[in-house]
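*Asks:* Sequence:
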Amino acid sequence: MSEYSAFTVELNDNVAHVQINRPEKINAMNAEFWSEIRDIFAWVEETPEVRVVVLSGAGKHFSSGIDLMLLAQVGGQLGKEVGRNARALKRKIEELQSSFNAVDACSKPVIAAIQGYCLGGAIDLISACDMRYSTADAQFAIKEIDVGMAADVGTLQRLPHIIGDGIMRELAYTGRTVHGEEAQRIGLVNSIYADQEALMTAVFEIAQSIAKKSPIAVQGSKEMIRYMRDHTIADGLNYIATWNAAMLQAEDLRVAMAAHMSKQTPEFKD
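Here the sequence shown stands for residues 0 to 269, where the numbers follow numbering that gives the first Met the number 0.
FYI, nobody ran anything at the bench for these hints, they're computed from the structure. Backbone N, C-alpha and C define an ideal beta-carbon position, used for all residues, glycine too. It cannot be assumed that every hint is accurate.
No farther apart than 30 Å at their CA atoms in a straight line, the calculated lysine-lysine pairs in the BS3-like style are these [what the hints assert, rightly or not]:
(1) Lys-211 with Lys-268
(2) Lys-79 with Lys-89
(3) Lys-211 with Lys-24
Listed next, with one range per pair, are the computed distances between beta-carbon atoms [as the list claims (entries may be wrong)]:
(4) Leu-10 with Glu-80: 40 to 50 Å
(5) Gly-78 with Leu-10: 19 to 29 Å
(6) Ile-232 with Val-81: 20 to 30 Å
(7) Trp-242 with Gly-74: 22 to 32 Å
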């Protein structure tokens, strides 16, 4: 496992803990963050021992979003010709998008644990996760509108599938802050907890419960759920039939059935 400047990564009992580690900068997303998260999720994908990912932020806040210094650097590279500026900006936006696409495309479940600020680009990030949990005092906001731009790294594309179109539009147009209780009510987070310690304890319990399941079944379920976001019911039914024509022959099914019949806890291979 590599060393990272914007993250710490640990693997214990089939759960990878990926933590944004810039607490002195409110975990703002600098240039290293965007490249390292791609590398980390490539490692997650390639490592059979990883069955679940917990994504968190060190310190008092999950993340304040994109580092303004990075935006200033991008702006400083622009010239006077609009067409060439546009092409350069499009390439940069697509590069940033690829970082969170790596999270979204990950075959293993990714669980976000959120405390304090979750602003701007951090909303893009948690929108790419499977589930989200937070402290009661967490603060969520789509802040891009307040700096004169539309969110461009996934929020506007993924969030309507999580909280619904109407409330997403309200938050995107107003930039207002949503606190933990409302976040749970609108479905942005599954549950809220009194403090960060309780949050992390609960999230790792959930992660461990998933990690004990058949990785064939868990990853197949995620693939089907993700596929349905962009396809019809008929497409999805055909896909799961084709998928399970192979996966139902996996050893995991026999292990699970035998354990169930003998009232034992099954143990699955990576």
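*Asks:* Name the hints, by number, that the structure is in violation of.
*Replies:* Violated: hints 3, 5, 6, 7.
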